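Colleague: Using the sequences and the accompanying hints, generate a full structural model.
Protein chains in written order, with our numbering: chain A, 1 to 303; chain B, 1 to 244.
Derived from the structure by calculation, the hints contain no laboratory data.
Only a predicted model underlies this, so the values are computations on that prediction, with no experimental measurement involved.
Ideal Cβ placement from N, Cα and C applies to all residues, glycine included.
Possibly wrong hints are sitting among the right ones.
Each computed EDC-like pair below joins lysine to aspartate or glutamate, with the alpha-carbon atoms no more than 20 Å apart [said to hold, decoys possible]:
| no. | chain 1 | residue 1 | chain 2 | residue 2 |
| --- | --- | --- | --- | --- |
| 1 | A | Lys255 | A | Asp285 |
| 2 | B | Lys241 | A | Asp296 |
| 3 | B | Lys2 | A | Asp100 |
| 4 | A | Lys209 | A | Glu295 |
| 5 | B | Lys158 | A | Glu87 |
| 6 | B | Lys242 | A | Glu81 |
| 7 | A | Lys254 | A | Asp237 |
| 8 | A | Lys231 | A | Glu243 |
| 9 | A | Lys67 | B | Asp196 |
| 10 | A | Lys209 | A | Asp127 |
| 11 | B | Lys158 | A | Glu81 |
| 12 | A | Lys210 | A | Asp19 |
| 13 | A | Lys210 | A | Glu192 |
| 14 | A | Lys281 | A | Glu245 |
| 15 | A | Lys182 | A | Glu258 |
| 16 | A | Lys74 | B | Glu239 |
| 17 | A | Lys168 | A | Glu192 |
| 18 | A | Lys109 | A | Asp127 |
| 19 | A | Lys231 | A | Asp248 |
| 20 | B | Lys158 | B | Glu239 |
| 21 | A | Lys231 | A | Asp249 |
| 22 | A | Lys231 | A | Glu275 |
| 23 | A | Lys5 | A | Asp61 |
| 24 | A | Lys210 | A | Glu295 |
| 25 | B | Lys158 | A | Glu88 |
| 26 | A | Lys231 | A | Asp290 |
| 27 | B | Lys2 | A | Glu108 |
Now the stretches of chain B that chain A is said to cover, found in silico as 3 or more residues with beta-carbon under 8 Å [as the list claims (entries may be wrong)]:
| no. | region |
| --- | --- |
| 28 | 11 to 24 |
| 29 | 84 to 95 |
| 30 | 159 to 171 |
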Amino acid sequence: MISVKNLSKSFGSFVAVNDLSFDVNPGDIVGFLGPNGAGKSTTMKMLTGFLTPTSGYVRIDGRRVNKHTTRLQKQIGYLPEGAPAYEEMTVYQFLHFIADVRGMAKKEKMAGLTQVIEQLELYDVLDQSIETLSKGFKRRVGLAQAIIHNPQILILDEPTDGLDPNQKQHVRNLITSLSKDKLVIISTHILEEVSAVCNRAMIIADGVKKFDGTPLQLQQQSRYYQAVTLKLSYAADITGLLEIEGVDDMHVDKKTGEVTLFPATGQFILGPVTEYIHHYKLPVDRLHVDQGRLEDVFMQITS
Amino acid sequence: MKTTFFIARREFAAFFATPIAYVFIAIFLILSGIFTFFVGDFYERGQADLLPFFNYHPWLYLFLVPAIAMRSWSEERRSGTIELLMTLPITATQAIAGKFIAAWAVLLLALLLTFPVWVTLNYLGQPDNGIILAAYTGSWLMSGAFLAISMCMSALTKNQVIAFILAILVCFLFVVSGSGIVLNAFEKWAAPGVLDTVASFSFLTHFEAMAAGVLALNDILFFLLVTAVWLYAGLTVIEQKKAV
Ligand SMILES: Nc1ncnc2c1ncn2[C@@H]1O[C@H](COP(=O)(O)OP(=O)(O)OP(=O)(O)O)[C@@H](O)[C@H]1O
Ligand SMILES: [Mg+2]
Numbered sequence: 001m002i003s004v005k006n007l008s009k010s011f012g013s014f015v016a017v018n019d020l021s022f023d024v025n026p027g028d029i030v031g032f033l034g035p036n037g038a039g040k041s042t043t044m045k046m047l048t049g050f051l052t053p054t055s056g057y058v059r060i061d062g063r064r065v066n067k068h069t070t071r072l073q074k075q076i077g078y079l080p081e082g083a084p085a086y087e088e089m090t091v092y093q094f095l096h097f098i099a100d101v102r103g104m105a106k107k108e109k110m111a112g113l114t115q116v117i118e119q120l121e122l123y124d125v126l127d128q129s130i131e132t133l134s135k136g137f138k139r140r141v142g143l144a145q146a147i148i149h150n151p152q153i154l155i156l157d158e159p160t161d162g163l164d165p166n167q168k169q170h171v172r173n174l175i176t177s178l179s180k181d182k183l184v185i186i187s188t189h190i191l192e193e194v195s196a197v198c199n200r201a202m203i204i205a206d207g208v209k210k211f212d213g214t215p216l217q218l219q220q221q222s223r224y225y226q227a228v229t230l231k232l233s234y235a236a237d238i239t240g241l242l243e244i245e246g247v248d249d250m251h252v253d254k255k256t257g258e259v260t261l262f263p264a265t266g267q268f269i270l271g272p273v274t275e276y277i278h279h280y281k282l283p284v285d286r287l288h289v290d291q292g293r294l295e296d297v298f299m300q301i302t303s
Numbered sequence: 001m002k003t004t005f006f007i008a009r010r011e012f013a014a015f016f017a018t019p020i021a022y023v024f025i026a027i028f029l030i031l032s033g034i035f036t037f038f039v040g041d042f043y044e045r046g047q048a049d050l051l052p053f054f055n056y057h058p059w060l061y062l063f064l065v066p067a068i069a070m071r072s073w074s075e076e077r078r079s080g081t082i083e084l085l086m087t088l089p090i091t092a093t094q095a096i097a098g099k100f101i102a103a104w105a106v107l108l109l110a111l112l113l114t115f116p117v118w119v120t121l122n123y124l125g126q127p128d129n130g131i132i133l134a135a136y137t138g139s140w141l142m143s144g145a146f147l148a149i150s151m152c153m154s155a156l157t158k159n160q161v162i163a164f165i166l167a168i169l170v171c172f173l174f175v176v177s178g179s180g181i182v183l184n185a186f187e188k189w190a191a192p193g194v195l196d197t198v199a200s201f202s203f204l205t206h207f208e209a210m211a212a213g214v215l216a217l218n219d220i221l222f223f224l225l226v227t228a229v230w231l232y233a234g235l236t237v238i239e240q241k242k243a244v
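Modeller: In structure tokens:
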């Protein structure tokens, strides 16, 4: 278990992380969100023992990271921001080096190497030096390095940044499959990624925690959560839609002619709306239910 | 111990993966050749020893060791790999030791590759090879002190050029503190005790006997101590300032 208490980090007079407290338990896959410069990477650097907190502490299984650094680092797999790697080494040499330094015995090392090479589809670039790799491949090498020792704690700073859509999907599946009974913290700027991969979302802005809950709870904060949007084939009287029980507000998009009905908090309006449409024979072409617009929520929470 | 070895091995390989080691060794060999045979009057002296060869080593190291060490930490900082390295389960001490051993091994290799000079000497006359071995040992010891200083300077900054210049500056102080110019400058006003202290930090003074093949305990201890102190300083720098 990771336990963060009143964690702060200042650079000079600038406060990058401000009094952050949270716990992460086995099974948690935390999506760490926040605008640029929010302090995500700085927090991760403190979780992994790279930076010393200005105040507060990080404990892993009850031990303070800054006291038992090496011992705790054994359990952590970490992908630093930008996936730094020794550029002059080949992919194979690099992964070999990481496995060696992590103290993996020969058999275990070979098994680990084979596995990550397969999982991240690195076979074709094994003998290529890292400086000549494309950005996406570099990121994949960084990921491979982080998971090679099958760590109990995975901390990944923007793991899917720079990956093509197929690889993004692939890596998300990989993270999901790896995360059984583990503690995973990933930072990302892709909000859907949190819904797709994580079971917990945490948003920070200006170093302060703004939201901590499930991705669903995050979506529910959206005005669009369970909102019903319809497209009429020709103009019809729609004023009655506002009278439907549970409908809080209505918005008509002048350009597209789409009508959006917003539910009152906690209400599901799809049933009553479809009933109304049937009853009054409204000429509806299309109809869909929104799952909540994360961008709106994100903006609302962080600004 | 094993971890230190893995790091040293990686660093050593990195010297050869980038052309640094080749360039370094080539320049070292060329310059030591020039100094020995042209500047140092190797033939004209008509003596079967390598004094002219070893006498120039402090001056060679002054520029060449900072060049080979400037990358050691600066590059880790610049490329961000320091974050990778320091979040692996290793201590800063192991990282520093590994880097030092690797670079020191390259220096040893460069020294060993000067063997043609020694072969020439044995062909021309009958030198005391024990003395020569002692001088080689002394030279390598001294290069370790240069290296520890240069690596500490590299730990200070992510800019290799600044690391290089700082290293030359500090090394230069250590080299010249025993030379006539500096001592004359001090002589005018400093107490004799101060003068001796300044002179006792000089690489030149401590290497003088070594170049002639005399390995005195106090000279050996001096270089080992300087090396240890600067390695420790580098360790402090890294531990205090890991990021950027
Ligand atoms: N070594 C440093 N010295 C000074 N300021 C720093 C340092 N490292 C980070 N900062 C500042 O701390 C703040 C938080 O940075 P951090 O990298 O944690 O942001 P982030 O949330 O990861 O942003 P992004 O989404 O862009 O990656 C930024 O304003 C950054 O400029
Ligand atoms: Mg970041």
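Colleague: Given the proposed pairing of Lys231 (chain A) with Asp290 (chain A), does the C-alpha separation stay at or below 20 Å?
Modeller: holds (14 Å)
Colleague: Measure nothing beyond the straight line between the CA atoms of Lys231 (chain A) and Asp248 (chain A); if it is 20 Å or shorter, mark the hint as holding.
Modeller: holds (19 Å)
Colleague: What's the verdict on Lys231 (chain A) and Asp249 (chain A), does the C-alpha distance respect the 20 Å limit or exceed it?
Modeller: holds (17 Å)
Colleague: If you count the residues of the region 84 to 95 of chain B with a beta-carbon closer than 8 Å to a beta-carbon of chain A, do you get 3 or more?
Modeller: Per the Cβ count (7), the hint holds.
Colleague: For a C-alpha distance cap of 20 Å, please report whether Lys254 (chain A) and Asp237 (chain A) respect it.
Modeller: With Cα atoms ~15 Å apart, Lys254 (chain A) and Asp237 (chain A) stay inside 20 Å; holds.
Colleague: Starting from Lys209 (chain A), check that the Cα of Glu295 (chain A) is at most 20 Å away, please.
Modeller: Satisfied, since the Cα-Cα distance of roughly 18 Å is no more than 20 Å.
Colleague: For a C-alpha distance cap of 20 Å, please report whether Lys281 (chain A) and Glu245 (chain A) respect it.
Modeller: holds (18 Å)
Colleague: Mind checking the alpha carbons of Lys67 (chain A) and Asp196 (chain B) for me, to see if they're no more than 20 Å apart?
Modeller: violated (44 Å)
Colleague: CA of Lys5 (chain A) to CA of Asp61 (chain A), is that 20 Å or under?
Modeller: OK: Lys5 (chain A) and Asp61 (chain A) at ~13 Å, within 20 Å.
Colleague: Count residues of the region 11 to 24 of chain B with a Cβ under 8 Å from any Cβ of chain A, then say if the count reaches three.
Modeller: holds (count 4)
Colleague: Sort out whether Asp285 (chain A) lies within 20 Å of Lys255 (chain A), counting only the CA atoms.
Modeller: holds (16 Å)
Colleague: Given the proposed pairing of Lys74 (chain A) with Glu239 (chain B), does the C-alpha separation stay at or below 20 Å?
Modeller: Cα-Cα ~19 Å, so holds.
In summary, the structure is inconsistent with hints 2, 9, 10, 15 and 30 from the numbered list given earlier, while agreeing with the others.
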